[in-house]
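Using the sequences and the accompanying hints, generate a full structural model.
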Amino acid sequence: MSARAAQSSVAAHDRGLLVAAEVQVRGVSAQVHVAPGEVVALLGANGAGKSTLLGVAAGMLRPDRGRVELDGEVLLAVGSSGGSGAVPGGPMNRPVDLPPHRRGVALLAQEPLLFPHLSVLDNVAFGPRAAGASRRAARDAAARWLERVDLTHLADRRPGQLSGGQAQRVAVARALAAQPRALLLDEPMAALDVTAAPEVRQLLRRVLSEAQDGAGPGQPPQPPVLLVTHDPLDALALADRAVVLDAGHVVEEGPVREVLSQPRSAFAARLAELNLLAGTAAADGLRAESGPTVAGVLDPGCSAGDAAVAVFPPAAVAIHREHPATGVSSPRNTIPVLVSAVEPRGALVRVRGSVEADPASISPGNSGPGDSGPVDSGPVGHPAAAPVLAADITAASAADLDLVPGSRVWFAVKAAEVAVHAARR
Amino acid sequence: MLRSGQQRSAQQRAGLPGWAFAPAALGAAFVVLPLVAVVVKVDWAAFPALVTSDASLAALRLSLVTASCSTAVCLLLGVPLALVLARCSFPGLRLLRSLVLVPLVLPPVVGGIALLYTFGRQGLLGSSLEVLGLRIAFSTAAVVIAQAFVAMPFLVLSLEGALRGRGTRYEQVAATLGASPSIVLRRVTLPLVLPGLASGTVLAFARSLGEFGATLTFAGSLQGVTRTLPLEVYLQRESDARGAVALSLVLVVVAVVVIVVTRGRRTEGV
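Order-wise, the sequence lines are chains A and B.
Positions 1 to 425 (full-length UniProt numbering) are the ones given, in order, by the first sequence.
Positions 1 to 270 (full-length UniProt numbering) are the ones given, in order, by the second sequence.
You may find that some hints are simply not true.
Output of the computed footprint for chain B on chain A, the stretches with three or more beta carbons under 8 Å from beta carbons of chain B [claimed, not checked]:
no.: 1; stretch: 98-106
no.: 2; stretch: 124-133
no.: 3; stretch: 172-179
Interface residues of chain B toward chain A, partial, derived using beta-carbon atoms under 7 Å [as the list claims (entries may be wrong)]:
no.: 4; residue: Phe-21
no.: 5; residue: Thr-168
no.: 6; residue: Arg-169
no.: 7; residue: Gln-172
no.: 8; residue: Ala-175
no.: 9; residue: Thr-176
no.: 10; residue: Leu-177
no.: 11; residue: Ala-179
no.: 12; residue: Val-260
Sample of chain B residues lacking proximity to chain A, with all beta carbon distances greater than 10 Å (derived) [stated by the list, open to error]:
no.: 13; residue: Pro-17
no.: 14; residue: Ala-22
no.: 15; residue: Val-31
no.: 16; residue: Val-32
no.: 17; residue: Ala-49
no.: 18; residue: Arg-121
no.: 19; residue: Gly-126
no.: 20; residue: Gly-178
no.: 21; residue: Arg-187
no.: 22; residue: Leu-194
Think of the hints as simulated: they come from the structure by calculation, not from any bench.
Beta carbons: idealized from backbone N, C-alpha and C, even for Gly.
Structure, rendered in C-alpha cells:
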C-alpha cells in the first residue's frame, strides 16, 4: 500500500468527506473517506452499492445505520453506535439527518437534468440564486462559470437545444457554480456518446485539477470529490485513489493504477481486464516508468509530456518464445516478460507475467535514447515493482508454447491496439 | 403544405375492422347532434335581448364571480393537496386519494345534501359557525362551497398526474444545488407542471360554472344571490324556452372553448 493510501486511512476523519452507511435491504455496508482536494473513484458493478453511498452522502437516502461528515461537520448520524461491521453509527442520543439543501454536497448525475424551463445561464445561476444572491449577481457568477467551461455562446439557449455533451458540460458548470463543499459525480460520462464522453472527461480533468490547486476566486479550496464509475478509464483520468465495491462491501482500496493494474481482489481484476503501463506520454506512445517505451495511439486531450497510462486489452497480446521480427508496416511493441501464472479461462488461457527491465531489447527501435528525460516517479513508498501484464491466448497456442510459471517470453502488441490516456499524476 | 402532405402520406394504416366505423360515426353523432340542436333552436333575432335581460345578466354575473372564487379555493387547497398526494407516503394515503376523488363520481345532489349537513344550521360545523354569526347555507358563499366541492377533484387529479409524470429527479438536483423546499417548489416543481396545473384550473373553472345539483340543494335559487346560470336556464325553460336556449348556447360556447384550450395544451405535450 502506498504512503498516500496509508496516510488517508490513518488520518483522523476530521477533514474531507466521510461516508459510512449500512442499508440492509440493499446489502450495503461500506465506508469511504475522501480527503480535501482528493478525487476518489468508487468502482463496482451495477448493484454493488455505489449509488447507495452517493445517495446517502447527498441526503437522498437514509441508511439503517450511517454517518456522513464533511470537514468535521456531522451531516448524518443515524443508527446505534457500537454495532458490528465497517459502519460507525451515530451517537446514541441524537440522530442527525440534514436535508440535501443544507449539506453543501452537489451531485452531477448521468443525465444532465438541466431544468428545461430555464435558459442555460439561469440553470447555472440556480445555485447562487438559491444561496441568496441577487438575480444579477447570480447571473454574473453563472456567466463566469460558463466561460470556464467554454460555453458562453450558449448562455441564452434552452436545454432542449443542446447536444448531450454540451448539456453535461453545462451541468458541470451548474454543479460547480453552487460552490459545493463536496462534489459527487455519478457516472457523469456513462450516458454520453463516444465523441461527447472524452470532451466531458477532459473538462472534468481540468476543473478538478483547478479545484485541487485551490484556483477560482472565492472558491472554497479543495472540495473532496467522489466519482462513481464502472469505467476504469474514468478512474485513471480523474481519480487519485480507487475504492472497489463488491456486493455492498469495500473489497479493495488504493492508488488507481495499482488497483487497476495489480488488482488484489478477484473482483477488481474482472473489473479492470486491462493491461496498464504508467509513465509519460511521448509523441508516438508512452515512456513507461518501468523502462519500456511503448508505441501507441494518443487519446485526444493527451499530449507529449503529460502523465499518462498506456492501456491495452489482454486479448490484443500475442506471445512469442523468440524475439519476433519487427514488422515494418505495422509498428509492434515487444516486451520481455517473465511468466508468473497460466490460468485457463473458458476457451482461452490467461498468461500473467512481470515485465523484465531490459529497455535495450524493446522494439520498435526508437530514434531517441530510451532513458532521457525525467521519468515520472511512482507513488511514494511504492517499490518500483515491475508492472504485471496479462495476455489471453488460445489453449492450443499455450500448449505449443509450453508455457509454465518461470518461462521467459515476449509479449507482442500492435501499436494500434495501445491507447495512451492522460492520467492523474 | 408540403409538410402536412408528407405527414399524411406517412400516416400509419389504422388496421381497424370495417364494421367499427358505423357505430363510431353513430357515437360521434350522438354527441354532436344535441349541440347542433341547441344552435338550430336559437332565436337569433331575440338573442341579444334574451341574454341581456336582468335575470340573465344577474345569473351570468353571479356565475362568473362564484366560479372564479371557487377556482381560487380549488387552487389554494387543491395544489397543496395534490403535492402531498403525489410526493408523500404515509399510511392511509391510498384511502385519502380515493376519498378526495369521491365528489367526482358522487351525484351532485348528494353532494349538496352532504354539504347541507356539514355547513347547514344543524350541520356538523354549521352550529358552531352559527355561534360566530356566520350563516352559510343558501348564501353566495354556499354556491362557492358547492362548486369548489365538486370541482376540486378535477384540479387535484390533473395536477397529481402531472407531478407523478415529472418524477422527483429535477427536484433532487435542485436540492443538492442548495435550494430549500420552498425554492424548489416555486422555481422547479410548479414551473415544470404548469401545463397540468393550467388544464386542471380550466377544468375546475368549467365544472364550477356548470354546477347545478349541489348548488340547488345547498344554496337554493335566489336571483342575484344563489341563482347561477345553469339554475337560471332550468327556471327559464318553464316560462320562456327561448331564453333557456339562448343561455344554453352561452354555456355550450364556454364548454367548447374550455375543451379546445385544455386539449390543445395536452397535445402539445404536457
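Results for each hint:
Remark: the stretch 98-106 of chain A is confirmed as covered by chain B, as 7 of its residues place a Cβ nearer than 8 Å to a Cβ of that chain, reaching the required three. Under a criterion of three residues with beta carbons nearer than 8 Å to beta carbons of chain B, the stated coverage of the stretch 124-133 of chain A is upheld, 5 such residues being counted. Residue count for the stretch 172-179 of chain A with a Cβ under 8 Å from a Cβ of chain B: 3. That meets the three needed, and the coverage hint holds. Against a cut-off of 7 Å between C-beta atoms, the interface hint on Phe-21 of chain B is violated, since the closest Cβ of chain A lies about 39 Å away.
Because the smallest distance between the Cβ of Thr-168 of chain B and any Cβ of chain A comes to about 9 Å, over 7 Å, the interface hint for this residue is violated. Hint status for Arg-169 of chain B relative to chain A: holds, with the closest Cβ pair at about 6 Å, below 7 Å. Hint status for Gln-172 of chain B: holds, given a least beta-carbon distance of 6 Å to chain A, under 7 Å. The restraint placing Ala-175 of chain B at the interface with chain A holds, with a minimum CB-CB distance near 4 Å, inside the 7 Å limit.
Because the beta carbon of Thr-176 of chain B sits about 4 Å from the nearest beta carbon in chain A, less than 7 Å, this interface hint is met. Using the Cβ-Cβ criterion of 7 Å, the hint placing Leu-177 of chain B at the interface with chain A is satisfied: the shortest such distance is roughly 4 Å. The interface hint given for Ala-179 of chain B holds, since its Cβ lies 4 Å from the closest Cβ of chain A, which is under the 7 Å cut-off. The interface hint given for Val-260 of chain B is broken, as the beta carbon of that residue sits about 24 Å from the closest beta carbon of chain A, more than 7 Å.
Look at Pro-17 of chain B: its CB is around 40 Å from the nearest CB on chain A, clear of 10 Å, so calling it non-interface holds up. With a least beta-carbon separation of about 44 Å from chain A, Ala-22 of chain B lies farther than 10 Å from that chain, consistent with its non-interface assignment. With a cut of 10 Å on Cβ distances, Val-31 of chain B stays outside the contact zone with chain A, its closest approach being about 36 Å. For Val-32 of chain B, the non-interface assignment is confirmed: its Cβ lies about 38 Å from the closest Cβ of chain A, beyond the 10 Å cut-off.
Separation of Ala-49 of chain B from chain A is adequate, the least Cβ-Cβ distance of about 48 Å exceeding the 10 Å criterion. Remark: the non-interface label on Arg-121 of chain B is consistent with the geometry, its nearest Cβ contact in chain A lying 47 Å away (cut-off 10 Å). Residue placement check: Gly-126 of chain B keeps its beta carbon more than 10 Å from all beta carbons of chain A (closest about 42 Å). Against the 10 Å criterion, Gly-178 of chain B falls within the reach of chain A, whose nearest CB is about 4 Å from its own CB.
Its beta-carbon lying about 7 Å from the closest one in chain A, Arg-187 of chain B breaks the requirement of being farther than 10 Å from that chain. A beta-carbon of chain A is positioned within 10 Å of the beta-carbon of Leu-194 of chain B; the least distance is around 8 Å.
Hints 4, 5, 12, 20, 21 and 22, counting from the list given before, are not met by this structure.
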